[in-house]
Amino acid sequence: ETFTALAADRPEKAVADKALVQLRTARKPGEDLKGLRTEVLDLQKSNRELKRDVETLKKKLESK
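Quick note, the sequence shown lines up with residues 656 to 719 if you use my numbering.
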């Protein structure tokens, strides 16, 4: 983005503009959000399982 602020006649500007367009189109926000949502749901599931395991261990220790 630094190079896109250059004067229009500079060759670096054209290359920088093209590179920015390629970067922006390569990443689709919907795909990123879908992956993030899946990861969050997986982490929530793991967290619930860990809490269940901790509670089970607490009960075992208390019963001894």
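Some clues are possibly wrong.
Said to hold, decoys possible - Computed list of lysine-lysine pairs in BS3-like fashion (alpha-carbon distance at most 30 Å, straight line): (1) 689 / 713; (2) 689 / 706; (3) 689 / 700; (4) 689 / 714; (5) 700 / 714; (6) 683 / 673; (7) 689 / 668; (8) 668 / 683; (9) 719 / 706; (10) 683 / 706.
Stated by the list, open to error - Taking CB as the label site, the calculated pair distances span: (11) 715 / 675: 43 to 51 Å; (12) 707 / 680: 28 to 36 Å; (13) 670 / 709: 51 to 59 Å; (14) 689 / 712: 45 to 53 Å; (15) 715 / 692: 33 to 41 Å; (16) 677 / 715: 52 to 60 Å; (17) 686 / 706: 27 to 35 Å; (18) 707 / 687: 43 to 51 Å; (19) 666 / 705: 53 to 61 Å.
Honestly, the hints are just simulated from the structure, not real lab data. Keep in mind the model is a prediction, meaning the values are calculated, not measured. Beta carbons: idealized from backbone N, C-alpha and C, even for Gly.
To see whether the hints hold, each was checked on the structure:
{"no.": "1", "hint": "689 / 713", "result": "violated (36 Å)"}
{"no.": "2", "hint": "689 / 706", "result": "holds (26 Å)"}
{"no.": "3", "hint": "689 / 700", "result": "holds (17 Å)"}
{"no.": "4", "hint": "689 / 714", "result": "violated (38 Å)"}
{"no.": "5", "hint": "700 / 714", "result": "holds (21 Å)"}
{"no.": "6", "hint": "683 / 673", "result": "holds (17 Å)"}
{"no.": "7", "hint": "689 / 668", "result": "violated (34 Å)"}
{"no.": "8", "hint": "668 / 683", "result": "holds (24 Å)"}
{"no.": "9", "hint": "719 / 706", "result": "holds (20 Å)"}
{"no.": "10", "hint": "683 / 706", "result": "violated (35 Å)"}
{"no.": "11", "hint": "715 / 675: 43 to 51 Å", "result": "violated (58 Å)"}
{"no.": "12", "hint": "707 / 680: 28 to 36 Å", "result": "violated (44 Å)"}
{"no.": "13", "hint": "670 / 709: 51 to 59 Å", "result": "holds (55 Å)"}
{"no.": "14", "hint": "689 / 712: 45 to 53 Å", "result": "violated (35 Å)"}
{"no.": "15", "hint": "715 / 692: 33 to 41 Å", "result": "holds (35 Å)"}
{"no.": "16", "hint": "677 / 715: 52 to 60 Å", "result": "holds (57 Å)"}
{"no.": "17", "hint": "686 / 706: 27 to 35 Å", "result": "holds (31 Å)"}
{"no.": "18", "hint": "707 / 687: 43 to 51 Å", "result": "violated (31 Å)"}
{"no.": "19", "hint": "666 / 705: 53 to 61 Å", "result": "holds (56 Å)"}
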